[in-house]
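Student: Residues per chain are reported as follows:
4 protein chains.
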Amino acid sequence: MYSFANDYSEGAHPKVLDLMIKSNLEQNIGYGNDIHSDRAKEYIKSLIENKEAAIHFIPGGTHTNLLAISSFLRPHQAVIAADTGHIESNETGAIEATGHKIISVPGKDGKLTPESINYGLELYSKEYRPQPKMVYISNSTELGTIYTKEELTAISELCKEKELILFLDGARLGAALASKNNDLDFKDIANLTDVFYIGGTKNGALLGEALVIIKDDLKEDFRYLLKQKGAMLAKGFLLGIQFEALFKENLFLELAIDANEKAEQIAESLKKHGYSFLTESCSNQVFPILPNEIIEKLAKEFSFNIMEEVDDKHSVIRFVTSWATTQESVDALANFFEINS
Amino acid sequence: MYSFANDYSEGAHPKVLDLMIKSNLEQNIGYGNDIHSDRAKEYIKSLIENKEAAIHFIPGGTHTNLLAISSFLRPHQAVIAADTGHIESNETGAIEATGHKIISVPGKDGKLTPESINYGLELYSKEYRPQPKMVYISNSTELGTIYTKEELTAISELCKEKELILFLDGARLGAALASKNNDLDFKDIANLTDVFYIGGTKNGALLGEALVIIKDDLKEDFRYLLKQKGAMLAKGFLLGIQFEALFKENLFLELAIDANEKAEQIAESLKKHGYSFLTESCSNQVFPILPNEIIEKLAKEFSFNIMEEVDDKHSVIRFVTSWATTQESVDALANFFEINS
Amino acid sequence: MYSFANDYSEGAHPKVLDLMIKSNLEQNIGYGNDIHSDRAKEYIKSLIENKEAAIHFIPGGTHTNLLAISSFLRPHQAVIAADTGHIESNETGAIEATGHKIISVPGKDGKLTPESINYGLELYSKEYRPQPKMVYISNSTELGTIYTKEELTAISELCKEKELILFLDGARLGAALASKNNDLDFKDIANLTDVFYIGGTKNGALLGEALVIIKDDLKEDFRYLLKQKGAMLAKGFLLGIQFEALFKENLFLELAIDANEKAEQIAESLKKHGYSFLTESCSNQVFPILPNEIIEKLAKEFSFNIMEEVDDKHSVIRFVTSWATTQESVDALANFFEINS
Amino acid sequence: MYSFANDYSEGAHPKVLDLMIKSNLEQNIGYGNDIHSDRAKEYIKSLIENKEAAIHFIPGGTHTNLLAISSFLRPHQAVIAADTGHIESNETGAIEATGHKIISVPGKDGKLTPESINYGLELYSKEYRPQPKMVYISNSTELGTIYTKEELTAISELCKEKELILFLDGARLGAALASKNNDLDFKDIANLTDVFYIGGTKNGALLGEALVIIKDDLKEDFRYLLKQKGAMLAKGFLLGIQFEALFKENLFLELAIDANEKAEQIAESLKKHGYSFLTESCSNQVFPILPNEIIEKLAKEFSFNIMEEVDDKHSVIRFVTSWATTQESVDALANFFEINS
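Chains as they are written, first to last, in the numbering used here: chain A, 1 to 341; chain B, 1001 to 1341; chain C, 2001 to 2341; chain D, 3001 to 3341.
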């Protein structure tokens, strides 16, 4: 059984694991104040060309989202997100559990636009509704799409104008920046957002997301909040070591490029047979629309997710690739469609 | 510099790391539904002789504490803890952040007694105060002491009588059960409490605590709460693998026995020179009372924590040992006291 | 200027005020444990023919909603409501501020149906989304519509089948039960819901809602929660006195019948001139669709709310009546339309 | 039975009730935006000589406390209070329910001192404990004592130095300012604190507390928070009317002076018979220490609270007076002690 179910089925990339093994018996300071975390932060600061950024390593994505949102908003404030946004549809109410409403607005292929944000602002403009104060976007999105520089700039400008905090969920930031369609780099992300994170879990690490706080007045006391929400690991160096390995050289992007290329191969082999897609495939997620009978056959050899029905006879499914996806499995999939289309 | 600062300075025990390495490229199901987690749960269930227990792996101790307390209490209910309890003094208000008051009562060497619990119940018996509904204890405690079977039984019986949930923080449960003074085993812990956890972070794992829910009506829907509080890791198998390694055979207790023996050697070398202690040393923490000038010298060669002043000239310090503590460092410490006492 | 802006512009109905005046210098026990509150509860229990109901008086509607929802749900549970529901659109995120997501589903004229509830249940059926555990409906709704016995029974049965708590917001329950189209009585409401409230503020009282808890396991410790959320007034008898006055005899329904009749007169005078309505007018709220130029003129003599644009030239407005609405003002409105249509 | 149990046994002072009656059928704007609220705010602003203060009327004291504390603190911040403080001992965990720890420090006769505040600051100075950011004091205190100008100034200066918000609970501010020992006025209170409130419930109103926000950066968006926590009454004018009546002329202080004089008479009649007191009686609460047998007799004719045992044979009880306390009842009490001492 080849798995295209997600990008977190395996452990760490061997180079990440190597550094963990090598430093396993070192004595490091606890709670993220260790030298590996320091180094990883320096690498990231260099990459974004911002020495004043505040960086914190957090075990997982939901944890990062709830921390950022609950730390930066006052109790009456809400966050605008696309209806497909991870915080809206995949986190068991984690954000509401911290007291904040998510203002869910229609996305376009998983992305927010200035129009959709303005729509949310208009609906939530009176004191009898929560006050929108943050915009949450994901790059790449839950539908595998990515923001162009023009799109992100437009959102960034609107947020500045309306005094909204722009928060970018980068659980799959690697996949976005490694996309062939991408025209953003780390520096742009840092310049255009107030806070964002770089997902390690889905791109080479065992676990860990690097939250990067750009806006000055969001930086204060963040370690208190990390600790309070259970996100400050005793062995915080475990996260530092992994980000050190990913960012010392170019490993983080290399892994993402590799994953995207595998996804592209998959998309190509599907296009060849005339299949259409829910969204344009440009990162490590591919959402083909397939006949149900093909899906049924496919499920005997491959694992993947069925997303939704399109009509009586067709459904959208999802293939996800990662650094751990083998060429063999991609070829097997191509072969399957050769035979079954 | 030899470190006795804590029991989380190094990575994972080599045998734990080995299983991580071996299974690194396996494709595992996400979110803790993997085979390693299943196996680890079976090992623990066998050990406690309770096949109905619900077990969940959680990244860290504060996270586990806030999850257990907020999941099991209604909004108006409070938890009774010793004034030295970890939730009261070391978690940045994590419990209050979930809406619950900690009723802090005087402990005895870090332990609660039926008397101290009853004191809390009397003070909090009216509707204008929160309702005590849970008792939180740690074993071993923050002061390195442990509960005897008689003591734990007395608390357990009181809790049953008063319909209080008994929750045992086992961040250092290994150290407790491996103590020479201990007369409890895993089965007793499971029989005498409603919910407890087994700390991996401080006894061989990179990270991870195994929450064991015994009381039936506390089990329902716990995975929702894990997810909501950011504690359900995508690569949950990472925790399962480690607990599998620790509990497949007897590694967990072996590591704790080793750590305790090192602590005992340290305590003996101090007693030899006539030093007294804040509490009786019986697990992996030793709290000697030393002259400040000795402490000053000591700090040049060893790292440790200074806990509190005893008088103008003496302070309590803390030495902590772990599976990673070397005999060499223990000997160096003994040697230091030979020379400096 | 005649006001049809809402049903809370004046103080208390004179008969309610009279009892307040008469008992003003009595010495009453605090915190709702007084004899007036007891009497009011007895009257309501008789009316619903349920001597075991637990009744609590709460200052306002949002306060009642947030209390009921946060007291009865566990942290990971959510409440299903119509998109027009008061908790969704008019309470500044009060429910989310207690940690719970509102699952907003499309209503039909402000009402939920078994279909819409089932839709919410299907969307929220996995552990990565909050668990639906309560259904929130209003009677009369925010659009002035009411539930028939058949409709409420269908919802009630679905809730029982799916183990959902059915909570009825009765901020305007008087208006619903006094409607000419109504076939429900207080007893039905109590039989078909798990918890509901009877709105005093909008029907004769200065302030106060009577929360009636029918389902046994929701009753426990509710006074703790009242107190904790700031809803237990020192002079709780103030609420008891008013509900005593409203329910000693039939005043509560009489006032609502009077308000509804005024609303009906308004609706009739509009129908006469051929205007249509957003929803069928059957309680104390009327939602005519009027030409914008008429609305503009109207605003010079009457106060009311503009709800939404229908097209370039027409908008929906809202007229609300109450026990305090004078026949003079209703006639003036009829006269206005005579002249201006 | 004469009641000295508390200062909230009766309704409103007749002059307050009169204005409610007079304005009962007026049509007022809802949600506190009415002319009576405006007037009341102007009266209070004049009294404190601060035209920029933001004033909000809130139904009750616990509600006001939880609103002020949760609105002004970030999630990791805590409030320092005396162990006898109302928020610590009488509000069913209302503050913790909003997520914030109360740092309880020993008070002196119910009052905080710079020493006790500094003690709290020292204990809570590290990131593993919540961050003290607010100081909560009551005037008069729960033990009937009051702050002198010197004492309040010292606390105010410390708070400025340490960047702590100083919040004064004035549920019994009238009793404090009307005390014979008092040297503070409303203006001083406003100058020396960042936020405080003026209690209506216990001094002439049916219900209502006036929260006065002095510090500029605490003012923003407060109405959102009022609404979200259920504190914005539809008929908010009900609170405005009462504060208008209390502050149009000098009624508020007159009522408090009258209550204090009655308390003084009670204290004098007790001193005459040689009884001692828990605290010096200087406001409307008297805390005599009486033989238990006297207390038993007393309870047959008077209602009052028994606070705590002093020894086997003596207890502290509490007498409370208000504007509604009759001279007859005070005389009856004096007479009782004549006969029974």
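If you're looking for bench data, these hints aren't it; they were derived computationally from the structure. It should be emphasised that the depicted structure is a prediction, and the values quoted were computed from it without experimental measurement. The beta-carbon is built from N, C-alpha and C at its ideal position, and this holds for glycine as well. A few of these clues could be false.
Stated by the list, open to error - Computed cross-link-like contacts, DSSO-like style, restricted to lysine-lysine with a CA-CA straight-line distance of at most 30 Å:
id, chain 1, residue 1, chain 2, residue 2
1, D, 3313, B, 1126
2, A, 15, B, 1248
3, A, 22, B, 1022
4, A, 22, B, 1300
5, C, 2126, B, 1045
6, C, 2022, D, 3022
7, B, 1219, C, 2126
8, A, 313, A, 271
9, B, 1160, C, 2215
10, B, 1015, A, 15
11, A, 126, C, 2297
12, A, 215, D, 3108
13, C, 2219, B, 1162
14, B, 1149, B, 1160
15, B, 1108, D, 3108
16, D, 3300, C, 2022
17, C, 2219, B, 1126
18, B, 1300, D, 3300
19, D, 3219, A, 160
As the list claims (entries may be wrong) - Sample of chain A residues with no beta-carbon within 10 Å of chain B, all distances over it, derived:
id, residue
20, 125
21, 163
22, 187
23, 224
24, 273
25, 279
26, 336
Student: If a hint holds in the structure, say so; if it doesn't, say that too.
Tutor: How the hints compare with the structure:
1. D:3313 - B:1126: Answer holds: residue 3313 of chain D to residue 1126 of chain B is near 24 Å, not above 30 Å.
2. A:15 - B:1248: holds (28 Å)
3. A:22 - B:1022: Measuring from Cα to Cα gives roughly 16 Å; hence the hint holds.
4. A:22 - B:1300: Satisfied, since the Cα-Cα distance of roughly 27 Å is no more than 30 Å.
5. C:2126 - B:1045: holds (27 Å)
6. C:2022 - D:3022: Holds - the C-alpha atoms of residue 3022 of chain D and residue 2022 of chain C are around 16 Å apart, at most 30 Å.
7. B:1219 - C:2126: Distance of about 17 Å is within 30 Å: holds.
8. A:313 - A:271: Holds, at about 19 Å.
9. B:1160 - C:2215: With Cα atoms ~26 Å apart, residue 1160 of chain B and residue 2215 of chain C stay inside 30 Å; holds.
10. B:1015 - A:15: Distance ~20 Å between residue 1015 of chain B and residue 15 of chain A Cα, so the pair holds.
11. A:126 - C:2297: holds (25 Å)
12. A:215 - D:3108: violated (44 Å)
13. C:2219 - B:1162: holds (20 Å)
14. B:1149 - B:1160: Holds - the C-alpha atoms of residue 1160 of chain B and residue 1149 of chain B are around 16 Å apart, at most 30 Å.
15. B:1108 - D:3108: Between residue 1108 of chain B and residue 3108 of chain D the Cα gap is close to 27 Å, so the pair holds against 30 Å.
16. D:3300 - C:2022: Between residue 3300 of chain D and residue 2022 of chain C the Cα gap is close to 27 Å, so the pair holds against 30 Å.
17. C:2219 - B:1126: holds (17 Å)
18. B:1300 - D:3300: violated (72 Å)
19. D:3219 - A:160: holds (23 Å)
20. 125: holds (29 Å)
21. 163: holds (27 Å)
22. 187: Given a closest Cβ separation of 28 Å, the condition holds.
23. 224: violated (5 Å)
24. 273: holds (26 Å)
25. 279: holds (22 Å)
26. 336: Nearest chain B Cβ is 18 Å from residue 336 of chain A, so the label holds.
In summary, the structure is inconsistent with hints 12, 18, 23 from the numbered list given earlier, while agreeing with the others.
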